[in-house]
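Trainee: Protein sequences, first through last, are from chains S and Z. Residues in the first sequence are numbered from 289 upward in steps of one, following the working numbering. Residues in the second sequence are numbered from 363 upward in steps of one, following the working numbering.
No wet-lab data here; the hints were simulated from the structure. Careful: at least some of the hints might be erroneous.
Said to hold, decoys possible - EDC-like cross-link-like pairs, simulated, lysine to aspartate or glutamate; straight-line CA separation at most 20 Å:
#1 Lys577/S / Asp735/S
#2 Lys626/S / Glu457/Z
#3 Lys347/S / Glu457/Z
To be verified - Computed beta-carbon distance windows for the label pairs:
#4 Phe380/Z / Trp474/S: 34 to 44 Å
#5 Ile452/S / Glu457/Z: 48 to 58 Å
#6 Phe409/S / Leu377/Z: 14 to 24 Å
#7 Glu656/S / Ile368/Z: 39 to 49 Å
#8 Ile368/Z / Gln666/S: 55 to 65 Å
#9 Pro662/S / Ile368/Z: 34 to 44 Å
#10 Thr421/Z / Gln606/S: 49 to 59 Å
#11 Leu327/S / Phe380/Z: 21 to 31 Å
#12 Gly404/S / Phe380/Z: 29 to 39 Å
The C-beta atom is built at its ideal place from N, Cα and C for all residues, glycine as well.
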Amino acid sequence: MSPELIEHLTQATYLLASGLFIFSLRWLSRPDTARRGVLAGVLGMTLAVVGTLLHPEVKHFEWIAIAVVVGTVIGWPLSRVALTAVPQRTALSHAFGGLAAGLVGTAKYSLWLGEGELTTFRMGAIAVEVILGFVTLTGSLMAAGKLQEIIPTRPIVYRGQNVINLALLAVAVVAGAWLIIDPTRWELFPVLIGMSLLFGVLLIIPIGGADMPTVISLLNSYAGLAAVAMGFVLENKVLIIAGALDGSSGFILSVIMCRAMNRSFTNVLFGAFGQVQTAAVQGEQKPVKSGNAQDAADLLENANQVVIVPGYGMAVAQAQHRVHELRDQLTKRGIGVKFAIHPVAGRMPGHMNVLLAEAEIPYDELVEMDDINPDFAQTDVVLVVGANDVVNPAARHDKTSPIYGMPILDVDKAKSVIAIKRSMSPGFAGIDNELYTADNTMMVFGDAKAVIGDIVKALSGGSGIH
Amino acid sequence: MHQLDIWSMAFVFMLATFIGFDVIRNVSRLLHTPLMSLTNAISAIAVVGSIIIAGEQKTTFSAVLGTIAVAASVTNIVSGFLITDRMLRMFKKREP
Numbered sequence: 289m290s291p292e293l294i295e296h297l298t299q300a301t302y303l304l305a306s307g308l309f310i311f312s313l314r315w316l317s318r319p320d321t322a323r324r325g326v327l328a329g330v331l332g333m334t335l336a337v338v339g340t341l342l343h344p345e346v347k348h349f350e351w352i353a354i355a356v357v358v359g360t361v362i363g364w365p366l367s368r369v370a371l372t373a374v375p376q377r378t379a380l381s382h383a384f385g386g387l388a389a390g391l392v393g394t395a396k397y398s399l400w401l402g403e404g405e406l407t408t409f410r411m412g413a414i415a416v417e418v419i420l421g422f423v424t425l426t427g428s429l430m431a432a433g434k435l436q437e438i439i440p441t442r443p444i445v446y447r448g449q450n451v452i453n454l455a456l457l458a459v460a461v462v463a464g465a466w467l468i469i470d471p472t473r474w475e476l477f478p479v480l481i482g483m484s485l486l487f488g489v490l491l492i493i494p495i496g497g498a499d500m501p502t503v504i505s506l507l508n509s510y511a512g513l514a515a516v517a518m519g520f521v522l523e524n525k526v527l528i529i530a531g532a533l534d535g536s537s538g539f540i541l542s543v544i545m546c547r548a549m550n551r552s553f554t555n556v557l558f559g560a561f562g563q564v565q566t567a568a569v570q571g572e573q574k575p576v577k578s579g580n581a582q583d584a585a586d587l588l589e590n591a592n593q594v595v596i597v598p599g600y601g602m603a604v605a606q607a608q609h610r611v612h613e614l615r616d617q618l619t620k621r622g623i624g625v626k627f628a629i630h631p632v633a634g635r636m637p638g639h640m641n642v643l644l645a646e647a648e649i650p651y652d653e654l655v656e657m658d659d660i661n662p663d664f665a666q667t668d669v670v671l672v673v674g675a676n677d678v679v680n681p682a683a684r685h686d687k688t689s690p691i692y693g694m695p696i697l698d699v700d701k702a703k704s705v706i707a708i709k710r711s712m713s714p715g716f717a718g719i720d721n722e723l724y725t726a727d728n729t730m731m732v733f734g735d736a737k738a739v740i741g742d743i744v745k746a747l748s749g750g751s752g753i754h
Numbered sequence: 363m364h365q366l367d368i369w370s371m372a373f374v375f376m377l378a379t380f381i382g383f384d385v386i387r388n389v390s391r392l393l394h395t396p397l398m399s400l401t402n403a404i405s406a407i408a409v410v411g412s413i414i415i416a417g418e419q420k421t422t423f424s425a426v427l428g429t430i431a432v433a434a435s436v437t438n439i440v441s442g443f444l445i446t447d448r449m450l451r452m453f454k455k456r457e458p
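So that you can see chain Z by itself, here it is in the shape it has in the complex (with noise of 0.2 Å):
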C-alpha cells in the first residue's frame, strides 16, 4: 500500500467527522432515539466488507467468520432502518 492512501484516509476520517459532529448537533433533541438507530444502522455498512470476505472464500476460517459478520451486519440494516421508521411514523404534530 502507497504511503499516500493511508493519508488520504486520514483526512476522509477527519473531514467526516467534523461533518458528523456539524449534522447530528443540529438533531432535535427530539429525535435523539430515532437517530441513534439511524446511526446503528448506516455503521452497518460494515456489510460491504464482511460481504467481500464471505464471497472470496479464500479460506474456510475467513469464510465463516465473514459470513457470521455478514448476518450480524444485516441484522443492524434491518432491525435499525425498520425500527427508526416505526418511531418516526409516530411523531405527529398538533391536530389544528
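Isolated chain S (complex conformation) (with noise of 0.2 Å):
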C-alpha cells in the first residue's frame, strides 16, 4: 500500500473511533444498553490502535510489545479491585493518564528542539499538556494515598498555603510562557515539570476526605483536557474528541458534587473542608433514645413503607449482604422498601449504587434524593445506616452548622427513624447530628454488620409468617 492510502486509511479508523466513543457513552446512559457501551468502547479502541500500527512510522514494535504486556499485568488486578477500593484504582487511572500527556509532551518537546521546529503555537500545546499531565499526575497519586488512607485523610494545612500554591502554579505558567517565547531554552523545561509535579501534591493535601468527590470528578476533568492538549500537540482528532467528552463528563460530575455540598470549586481547591467544624457550639446534650435489634425489628414489622439510608459505613463494615437479607425479609410481608441515595454518598460520584448493586439490590429500588424527598412524610420506617451528614437536618436551619444549605435526605420527616451507629461520637466531618435526638429517633448502637444481622434474624424468627 502506498503511505498515502495508509495515511487514508488510518484517518478512517479514527473517524470511526470517535463516533465509536460518542455511540459508548451514549449507550451508557441506561442501564439495560450501558454494555453495549462498553463494547462499543472496546472496538473504537482497537481500530484506533490497528490504524496507528499500521503507520508508516511505527518501525520499531519490540518496546511496544513489551509495554503493552506491562500495561495488562498491571491493569488486569487493577480491574478486579474491591468495589469500596474503586475510587482508588479511579485516581489512580487518572495519575496514569496525566503520566502519560506528560511524557509524550516532553518526548515531542525534546525531537522537535533537536529538529528546530518547536513552532510557538506547538510550544504553548507542550506547555499545557505538559503542566496539565503532571499536575493531574502528583494530584491523582495524593487523591488515591488519601482515599486509600496512605496519606492522613484529614486536611493537611499551614499558614500562606493558598499564597504559597498560586506562587507555584505561577512560576510554572511564567516558564511556559519563557519557552513559547523562546523555546530554546531548554533549561526551562526541568522547572516546568517539577513546579507541576510541586504544585499537584501541595493542591490536594490540604483537601479533607469529606471533599474527595468532588477532587477525583476535578481530576477526571483534568486528566482529560491533558489528552486534549496532548490532541493538539499532535495534530490528532480523536484525540481531541475523546479527551474532551473525557474533560466535559469530569466537568459535570464535579458540579454535580459541588452542588450536592452546596460548595464552590474555589471553596473546595482552597477551602480546607474541616477546619470550621472544631468551632461548632457544644449544645446542651439532649438525652437519646436507644433501642436493640428486636426494638429495631418490632418498629419495621409494623411498618408499610420503609426507606434504607445507606451511606459509606455500611460499606465499612461490610453491611451490605445484610442489608438485602433484611430487604428480602420485609418485601416478603408485603412491606414497600426503596433505599434512598444521597449524591455524594461514598467516595465517589455514584459509588453507593455500585456497592448496592454488588449486594444484588435491584437498581429500580435506589432513589435518588429529589425524587425519594417528598416521600419521606408518608414514611412509616426509616433505617439510617452508616450515614450521618447526609441526613443531619441542621443543614435546613441552622446557620451556624458548616454544612448549612448543603441539600439533605429529609429523613427527620419519616414518622420514625431508626439509626445504627457504632457510638455517639460525630462524623467524618465532626458535627453533631440532631437527628439522633430528635424524638421519633431510636439509636441502635453496634456495628452495622452485626446489628443488621440481628434484625433479620429477630424478623425471621420471631413472627413465625413465612
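Mind docking these for me? Both chains are given alone in their own frames, and the hints should help you get the complex.
Mentor: In C-alpha cells:
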C-alpha cells in the first residue's frame, strides 16, 4: 500500500473510533444498554490502535509489545479490586493518564527542539499538556493515597498555603510562557515539570476526605484536558475528541458533587473543609433514645413503607449483604422498601449505587435524593445505616452549622427513624447530628453488620409469618 | 503547520465538548461510577500518540518516554474497560 493510502486508512479508523466513543457514552446512559457502550468503546479503541500500528512512522514494535504486556499485567489486577476501592483505582488511572500526557509532551519537546521545529503554537500546546499532565499525575496520586488512607485523610494545612500554591503555579506558567517566547531555553523545561509535580501534591493535601468525590471528578476533568492538549500537540483529532468527552464528563460530575455539598470549586480547592467544625457550638446534650435489634425489628415489622439510607459506613462494615437480606425479609411481608441515595453517598460519584448493586439489590429500588425527599412524610420507618451528615437536619435551618445549605435527605420527616451507629461520636466532618436526639429517632448502637444481622434474625424467627 | 489546522482542531474541540456535555448530562446518576471508569478508558486513546513516539524511535530518550506512556495508557485501557463491564454486570432489575 502506498503511504498516502495508509494515511487515509489511519484517519478513517480514527473517524470511526470517534463515532464509536460517542455512541459508547450514549449507550451508557441507561442500565439496559450500558454494556453495549463498553463494547463500542473497546471496538473504537481497537480500531484506532490498529490504524496507528499501520502507520509508516511506526517502525519498531519490540518496545511497544513489552509496554503492552506491562500495561496488561498492571491493568488486570486493577480491574479486580474490591468495589469499596474503586475510587482509589479511579484516582490511580487519572494519574496514569496524566503521566502519559506529560511524557509524550516531554518527548515531543525534545524531538522538535533537536529538529528546530518548535513553533509558537507547538510550544504553547506542549506547555499546557505538560503542566496539566504532571499536575494530574501527582494530584491523583495524593488523592489515591488519601482514599487508601496511606496519607492522612484530614486536611493538612499551614500558614500561607494558598499563596505558596499559587506562587508555584505562577512559576510554572511563567516558565511555560518564557519557553513559548524562546523554545531553545531548554533548562526551563525541567522547572516547568518540577513546579507542576509539586503543585499537584500541594493542591490536594489540604483537601479533606469528605471532599474526595469532588476532587476525583475534577482530576478526571484535568486528565481529559491533558489528553486534549496532547491532541493539539500531535495534531490528532481522535485524541481531542476523546479528551473533550472525558473532560466534559469530569466537569459535569464535579459540578453535581459541588451542588450536592453546597460548595463552590474555589471553596473545595482552597477552603480546607474541616477547619471550622471544631468551632461548632456544643449545645446542651439532649437525651438519646436507644433500643436493640428486637425493638428495631418490631418497628420495621409494623411499617408499610420503609426507606433505607445507606452511607459509606455501611460499606466499611461490609453490611451490604445483610442489608439485602433485610430487604428480602421486609418485601416478603409486603412492606415497601426503597433505598435513598444521596449524591455524595460513598467516595466518588455514584459509588453507593455500585456497592448496592454488588449486593444484588435491584437498581429500580435505588432512588435519588430529589425523587425520594417528598416521600419521607408518608414513610413509616427510615433506617439509617452508616450515613451521617447527609441526614443532618441542621443543614436546613442552623446557620452556624458548617453544613448549612447542603441538600440533605429529609429523613426526620418520617414517622420514625432508626439509626445504626457504633457510638455517639460525631461523623467524618465532626459535626453533631441533631437527628440522633430527635423524639422520633431510635438509636441502635453496634456494628452495622451485626445489628442488621440481628434484626434479620428477629424478623425471620419471631413472627412466624412465612 | 497551516493556520487552518490549528483552527480546525479548535472547532473539533469545541464541538466535541458540546457533544460531551449533552451526552453525559443524560447519563443516569445510577451509573456515574461506571461512567467515570469508561471515560477514563476512552481517554486512554492517548495510546495512539504514545505508540507513534515509541515506534518511530527517533532518539533513545523519546523512545523510552513513549514506551512508558504506552504502558500507562494500556493499563488504563485494560483496567478501565474491564472494571466498567464488571460493575455494569452487577446492575440488575427487580425480578418480576
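Trainee: If a hint holds in the structure, say so; if it does not, say that too.
Mentor: These are the hints, each one checked on the structure:
1. Distance check on the hinted pair: lysine 577/S and aspartate 735/S sit about 18 Å apart at the alpha-carbon level, within 20 Å; holds.
2. Taking the CA atoms of lysine 626/S and glutamate 457/Z, the gap is near 15 Å; set against the 20 Å cutoff, the hint holds.
3. With a C-alpha separation of about 54 Å, the suggested pair lysine 347/S and glutamate 457/Z falls outside the 20 Å cut-off, and the hint is violated.
4. For the hinted restraint 34 to 44 Å between phenylalanine 380/Z and tryptophan 474/S, the CB-CB distance of approximately 38 Å keeps it satisfied.
5. Between isoleucine 452/S and glutamate 457/Z the CB atoms are about 57 Å apart, so this pair conforms to the stated range of 48 to 58 Å.
6. In this structure, phenylalanine 409/S and leucine 377/Z meet the distance hint of 14 to 24 Å, their C-beta atoms being roughly 20 Å apart.
7. Look at glutamate 656/S against isoleucine 368/Z: about 43 Å separates their beta carbons, and that is inside 39 to 49 Å.
8. Between isoleucine 368/Z and glutamine 666/S the beta carbon distance is about 59 Å. The supplied range of 55 to 65 Å therefore holds.
9. Here the CB-CB span from proline 662/S to isoleucine 368/Z is close to 52 Å, at odds with the stated 34 to 44 Å.
10. For the hinted restraint 49 to 59 Å between threonine 421/Z and glutamine 606/S, the CB-CB distance of approximately 52 Å keeps it satisfied.
11. Evaluation of the 21 to 31 Å hint for leucine 327/S and phenylalanine 380/Z yields a pass: the beta carbon distance comes to about 25 Å.
12. In this structure the hint that glycine 404/S and phenylalanine 380/Z lie 29 to 39 Å apart at CB holds, the actual value being about 38 Å.
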